[in-house]
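All chains should be built: construct the whole structure from the sequences, respecting the hints.
As given, the protein sequences belong to chains A and B, one line each in that order. With the working numbering, letter number 87 in the first sequence gets 87, and the count goes up by one each step, no holes. To convert, count from 1 in the second sequence and add 1000; that's the working numbering.
Read the hints as simulated data drawn from the structure, not as lab findings. Cβ atoms here follow ideal geometry from the backbone N, Cα and C, with glycine treated the same way. Careful, some of the hints might be misleading.
Label-pair ranges, simulated between beta-carbon atoms [to be verified]:
id	chain 1	residue 1	chain 2	residue 2	range
1	A	Gly28	B	Ala1023	31 to 41 Å
2	A	Ser5	B	Pro1038	17 to 27 Å
3	A	Asp34	B	Asp1092	21 to 31 Å
4	A	Leu43	B	Asp1092	31 to 41 Å
5	A	Arg63	B	Lys1051	40 to 50 Å
Below, simulated DSS-like cross-link-like pairs (lysine-lysine); rule was C-alpha separation at most 30 Å, straight line [said to hold, decoys possible]:
id	chain 1	residue 1	chain 2	residue 2
6	B	Lys1051	A	Lys78
7	B	Lys1048	B	Lys1078
8	B	Lys1051	B	Lys1078
9	A	Lys78	B	Lys1078
10	A	Lys78	A	Lys48
11	A	Lys78	A	Lys51
12	A	Lys51	B	Lys1078
Simulated coverage check for chain B against chain A, where a stretch passes if three residues somewhere in it have a Cβ under 8 Å from a Cβ of chain A [to be verified]:
id	segment
13	1014-1026
14	1073-1087
Number of protein chains: 2
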Amino acid sequence: MTQDSLTTTLSALADPTRRAILARLSQGQATVNDLAEPFQMSLPAISKHLKVLERAGLISRGRQAQWRPCRLEGAPLKSLAEWLETYRRFWDGSFDRMDDYLKEIQKGDPNGPRN
Amino acid sequence: MTQDSLTTTLSALADPTRRAILARLSQGQATVNDLAEPFQMSLPAISKHLKVLERAGLISRGRQAQWRPCRLEGAPLKSLAEWLETYRRFWDGSFDRMDDYLKEIQKGDPNGPRN
DNA sequence: CAGCTAATTAACTTATTGGTTAAATATTGT
DNA sequence: ACAATATTTAACCAATAAGTTAATTAGCTG
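Now the structure itself:
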């Protein structure tokens, strides 16, 4: 039942509230109350979201007096980016261009297509 | 209740079976039975996963006789990569290096650190 | 048409998720 | 020690997700 880390990362990110929290934290550290402020949701709900983010390693929490300031941690995002990178050819067009190129040289035209 | 597309994409990806299906499809088109073969899961379960992937736009399905060949679609991955890119500074170290640089020039040393 | 293969739909079960309110805990400041 | 503020935990609820088996649909082929 213990999930692989990519699954944990993606599940944590698959919630708009949690992504909004990360967006806020990308501007700098914030307390739980700070983070809760933009939402209609109750504080315990935010607390739960933060726990999910923390278990995914996407945030870490310090301790200053009664506040528990949160900060964004990039490591899981890096892993995600690396995973995603293996699919790049499916969106950046280089594969199609290579495909075109292979078709072209097979036709035996050393100058490539004319328009 | 209608989810934004990033949420839909991330939820679809947040399942190891579905990511394995995408990995398989990155090698080329496949039928539902082909895709089901590596898993212990029942065929209806795979069918459901495919529906999730299709609704997320991560795959498309053709029709050849009684087969419904699936192919990977990169567009949602591109959007995800773009979103992720806005967080790059949290993992690639450029932010820290910039920080070091700023500290350096504030010290007034035009040649930077010595070791 | 009958039968085979491919895939989906229906109906159901179980576990997880995302939220709630109320109570508890932690830490500071008087 | 007490009150105030910040946050978490507990207990609960409704909706969703991921799986099952059984039945159905779709298309080919003899």
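Inset, instruction - List in ascending order the numbers of the hints, as given earlier, that are violated by the structure. - result: none
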